[in-house]
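Counting with UniProt numbering, you get residues 1 to 208 for the letters of the sequence shown.
No wet-lab data here; the hints were simulated from the structure.
Hints may be right or wrong, so weigh each one.
[Unchecked claim] PhoX-like mimics (lysine-lysine), calculated; alpha carbons at most 20 Å apart, straight line: (1) K107 / K118; (2) K78 / K152; (3) K78 / K107; (4) K152 / K107; (5) K193 / K152; (6) K78 / K109.
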Amino acid sequence: ASSKVTFSELKSCLQRARELGARAQELRASAQRKDAGEPSVLEDQGHPAGPCGEKAPAYQRFHALAQPGPPGLVLPYKYQVLAEMFRSMDAIVGLLYNRSETVTFAKVKQGVQDMMRKRFEERNVGQIRTVYPTSYRFRQERNIPTFKDGIKRSDYQLTIEPLLDHEAGSTAPQLTASHLLQRRRLFSQNLEKRVREHHRAFLASLNL
Numbered sequence: 001a002s003s004k005v006t007f008s009e010l011k012s013c014l015q016r017a018r019e020l021g022a023r024a025q026e027l028r029a030s031a032q033r034k035d036a037g038e039p040s041v042l043e044d045q046g047h048p049a050g051p052c053g054e055k056a057p058a059y060q061r062f063h064a065l066a067q068p069g070p071p072g073l074v075l076p077y078k079y080q081v082l083a084e085m086f087r088s089m090d091a092i093v094g095l096l097y098n099r100s101e102t103v104t105f106a107k108v109k110q111g112v113q114d115m116m117r118k119r120f121e122e123r124n125v126g127q128i129r130t131v132y133p134t135s136y137r138f139r140q141e142r143n144i145p146t147f148k149d150g151i152k153r154s155d156y157q158l159t160i161e162p163l164l165d166h167e168a169g170s171t172a173p174q175l176t177a178s179h180l181l182q183r184r185r186l187f188s189q190n191l192e193k194r195v196r197e198h199h200r201a202f203l204a205s206l207n208l
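Construct the entire structure; sequences and hints are all you get.
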């Protein structure tokens with residue numbers, strides 16, 4: 001199965017994103033009116049219809065409403081999951097890298113799945129690399145010590161190295177908390193940029 005979001009899915013999600021943004025503003029305005037002793041207009045209105053995909057469960061469709069912060073661009077749920085995968089992956093990679101261990105996909109996969117309770121596959125690493133091409137250096141290497149059943153020392157393994165700026169001849173820098181935060185922000189910015197590009201293409205297709 002393809003890991004890419006289809007154009008029809010994206011159109012539906014973008015429409016739902018606009019509805020969720022409006023809904024969030026309604027909720028905040030309603031809360032302010034209640035604090036001021038005014039009746040809420042939401043008491044007389046139904047919830048907006050049109051979920052992002054008929055099969056999307058409620059926890060996905062209303063995920064954005066549960067998030068704190070001011071209204072803005074609401075990322076599709078799949079993109080939010082990918083952002084969380086990157087955050088978890090970067091934390092695991094940083095932990096191993098700072099201990100001077102060889103970072104393999106097998107180690108990262110187990111760590112991310114333990115953190116997120118979600119499946120994490122090589123295709124997700126490919127998606128992360130597409131969004132943030134300069135985040136890691138990937139290699140296929142062998143003769144790497146392994147303690148996992150089914151993987152031989154002679155087998156090729158995918159290794160991962162975080163790309164960090166440092167001067168030639170200096171010691172390799174650590175992947176610090178500030179690095180993690182900066183990389184997380186850059187990944188989110190790249191995701192938002194992609195969503196905005198798709199959104200502009202969607203609006204252009206409407207011939208408004």
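A quick look at each hint next to the structure:
The suggested pairing of K107 with K118 holds, with an alpha-carbon distance near 15 Å, which does not exceed 20 Å. This hinted pair does not check out: K78 and K152 have alpha carbons roughly 34 Å apart, beyond 20 Å. Note on K78 and K107: the hinted pairing is violated, with a Cα-Cα distance of about 24 Å set against a maximum of 20 Å. Pair hint K152 plus K107 holds up; C-alpha atoms about 15 Å apart against a cutoff of 20 Å.
For the hint pairing K193 with K152, the CA-to-CA distance comes to about 41 Å; that exceeds 20 Å, so the pair is violated. For the hint linking K78 to K109, the alpha-carbon distance of about 18 Å falls within 20 Å, and the restraint holds.
Checked against the numbered hints given earlier, this structure breaks hints 2, 3, 5; the rest are met.
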